[in-house]
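Peer 1: Sequence:
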Amino acid sequence: MATTTIDIDTELSAVNNILGAIGQSPLTTLNFDNPEVSFIYNLLRDANVDTQAEGWHFNTEKHVKYTPDTNGKIAIGNDILSMDVHDNHIRREYNLVRRNGFLYDKQDHTDVFTVDSIDLDVVRLYNFEDLPTVFRRFITYRASAAAATQLVANPNLVRLLTNQAGLARAALQEYECNQGDHNMFGFPDDTAYQTYQPWRNLRR
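Numbering (this note's numbering), first residue to last: 2 to 205.
Don't take every hint at face value.
Each computed DSSO-like pair below joins lysine-lysine, with the alpha-carbon atoms no more than 27 Å apart [stated by the list, open to error]:
no. : residue 1 : residue 2
1   : Lys74     : Lys107
2   : Lys66     : Lys107
3   : Lys74     : Lys63
4   : Lys107    : Lys63
These are calculated hints, taken from the structure and not from any lab test.
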């Protein structure tokens with residue numbers, strides 16, 4: 002019986018998919034000395050950042066504790082795409098932004114904090130290979146449409162790739178709904194709620 006090998010999408014395979022979409026030959030390695038390869042890779046990177054910056058269930062974390070260093074400053078890494086104090090819409094204690102790599106309070110005009118810690122809700126940037134498959138697929142199709150728009154004078158190809166990206170985004174949103182368990186009531190984590198189930202009335 003033959004063994005089936007399933008390859009996980011990588012940056013190399015994504016770049017090759019983009020190159021194939023615009024009629025170019027695949028690569029064996031990512032050679033950034035080639036201007037076209039570098040350009041395609043930048044499109045992939047930008048699509049990755051733009052997609053993750055929207056904030057999804059897989060890359061959004063709540064109640065992340067940040068502790069000031071000995072100088073009272075709180076470093077915010079480049080992998081943090083956005084952040085805010087947890088429940089800040091209810092208790093407006095801070096008005097925080099990232100400035101010069103550190104947390105900055107626009108309300109008190111300072112980047113020095115005297116508290117023990119601050120709980121933040123953050124949207125984090127992950128490497129392409131660490132994303133769920135549906136996100137990698139959508140990002141690749143999105144970058145392919147951008148590559149066709151900028152490198153190929155073929156509106157039919159652009160339309161085809163844009164439609165393909167649209168279908169991939171629909172799959173992405175379905176995945177998000179299934180994984181996030183979202184509801185209109187906004188019940189927090191570690192709670193239980195049984196929604197209305199019409200079949201229970203029909204069973205009577």
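Peer 1: Give a verdict on every hint.
Peer 2: Now the hints, each set against the structure:
no.: 1; hint: Lys74 / Lys107; result: holds (14 Å)
no.: 2; hint: Lys66 / Lys107; result: holds (20 Å)
no.: 3; hint: Lys74 / Lys63; result: holds (21 Å)
no.: 4; hint: Lys107 / Lys63; result: holds (21 Å)
No hint from the list above goes unmet by this structure.
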